[in-house]
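Enquirer: The residues making up each chain are set out below.
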Amino acid sequence: MTENFQDHQIRDAIKINYKYTMGGQSKFFIEVMKNKKLFGTKCTKCGKTWMPPRINCSDCYEPADWVELNQTGIIQVSTIVWYTTSAFIKAIPYGIGFIKLDGAETALFQGIFSENLVPSKIKKGKRVKAVFNKEREGKMTDFFFVPEDEYENWISKPEYEGGV
Amino acid sequence: MSRKVAIIGVGITPFRARYLDKTYFELAYDATKLALEDANNNGAEITHHNLESTVYVINSYIGMNNKPGTRIASGGATGGYTVRMAYSEVASGLSDLCLCLGVEKCNDCYDEQTGVTTPEVLNAIAYSADMTYEYPMGMMAASSYVSMVNAHYEEFGNPTEEQMAHVSVKNHGNAMLNPKAQSPMKITVEDVINSRIICYPFKMLDCCLYSEASAALILASEEKVRELKIEKPIWITGVGAANTDCFIGNREDMGRLYSNIHAAKAAYKMAELDYNKIKSQIDLAELHDAFSGQEVISYEELGFVPFGEGGSWIEKTFEKSGEGPWLDGELPCCPSGGLIGCGHAVGATGIMSTGEAAFQLRGEAGKHQVSIEKGRAISHSIGGPGAAYAAIIVMANEEGLK
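Line by line, the protein sequences give chains A and B.
Just so it is clear: in the first sequence, position 106 is 1533 by my numbering, and no numbers are missing.
Just so it is clear: in the second sequence, position 148 is 135 by my numbering, and no numbers are missing.
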């Protein structure tokens, strides 16, 4: 159609601010923020323990009760990320994985930190323990997991502390 | 009883990293025009005025005002789901000629801090993950797929890094024969293994690239196929879809996508094919190889080989004519080059792969044409948070209906 096509690009950005409710799951975030506790839920009918918590059991359509879980668990699967989204690219490399807390039946997706971040250190079957930021705001980023044998080192750092 | 539905026209634009000379709407127009031209080469005499509905809600720029249009949003499975819904429009009698359209212009995203597009594209797509529990931890497409692949490896010792690399060699190689592909490359297993690490154990060459492109299909009822005197209708004989839990941590077996298994079984059953014999009942499969390891697992989940044998099926058949998923193999997988070879135009990919399979069944795929003996093919789409959504389309030419 046109000869000597010349493109024209415009710089732009979309930003939307939110203040969204955690609804029935609010207790989970409040307990993390105020008490450094990890709460899951247990179905009143089938007894399945959900983590992340659901106040309703999706399997049997009955309510689920809050239940405090251990802060230790086992890595089900993990990876180390070396290239990622614009929001996280400054954090690479970082370890992430699915952790089944002792007593839970579903696995939680969380950051796995290690002083020696190599695949063998955070592989399936390794035991991990939760470490909390001293400054918490009631978000998932308030805590992370570390290999159990590194736990004491991590909670001795000034910005972190152990759970209850 | 639902009506028979055929693909009568296919339009696929080249897959490119960037179209600086096209907007989203201009790309949609190009694929629509190509699909109309293809339908007319296939015996029809139609224009956009004859199209009765769209599944994809672009209307104005493609001259489809005042007609129904429905938008589908199923992440990477959008293409397959769009074909499924367009099929439903025609099968149900809502429409006799339906335009099934997908467009992607993702590389309009731009990351100012690194001065490239990809991290911002990844971020925009990561917003489709759970925003409360998963996005804040750095979840993205590669890390969700790699979790399934790593869990599969833990359970079956398969796929290994070398086996995954074979998929990359195959699909980049197939793309050498496809002029519309973004990433044609003749590479070796060592090249893949030595490429930079993205997300352990995925290397750069294990991953597809994001593309800009558009793809369109024109679907017609049997009555319309006869009326328009279509020479080579490609009948949609099976559509199957399923969504598994978006939280990978809730899944009983993290190393399996049950959505793939359920979608495949539903699609094959509708097409009167057998999940346990499917490898010998179809001529080719256009799979959703967003990451090489997922293609290996799909061989198992879609019933081509038993669980645990996907990796050896590709590795042991390397350079053995008539065997494995290679272009000249027993069941060529991704002859077009797939997502790894063509690129991944997320909203258009599943429509491209369905259209590619239709071209193959018409014997008009070009240099990457495979041998068509049974007259049947499948296309496969997966996507969404945790790659939870799956859609599978089974197609047949006139011979394949027998």
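In case anyone wonders, no lab produced these hints; they're calculated from the structure.
Don't take each hint at face value.
Result set (EDC-like, lysine to aspartate or glutamate): computed pairs, CA atoms no more than 20 Å apart in a straight line [what the hints assert, rightly or not]: (1) Lys1446/A x Asp117/B; (2) Lys1517/A x Asp98/B; (3) Lys1550/A x Asp240/B.
Simulated DEER-style distance windows between Cβ atoms [stated by the list, open to error]: (4) Thr1448/A x Glu385/B: 41 to 47 Å; (5) Lys1550/A x Ser267/B: 46 to 52 Å; (6) Gly1530/A x Gly353/B: 56 to 62 Å; (7) Thr1448/A x Glu13/B: 39 to 45 Å; (8) Trp1493/A x Glu149/B: 43 to 49 Å; (9) Asn27/B x Thr1448/A: 53 to 59 Å; (10) Glu99/B x Glu1562/A: 45 to 51 Å; (11) Gln1436/A x Gly353/B: 32 to 38 Å; (12) Gly1589/A x Ser267/B: 54 to 60 Å; (13) Pro1546/A x Glu385/B: 49 to 55 Å.
Quick caveat: nothing in here was measured; it's all calculated off a predicted structure.
Virtual Cβ for every residue (Gly too), placed ideally from N, Cα, C.
Enquirer: Which hint numbers does the structure go against, in order from smallest to largest?
Expert: 4, 5, 10
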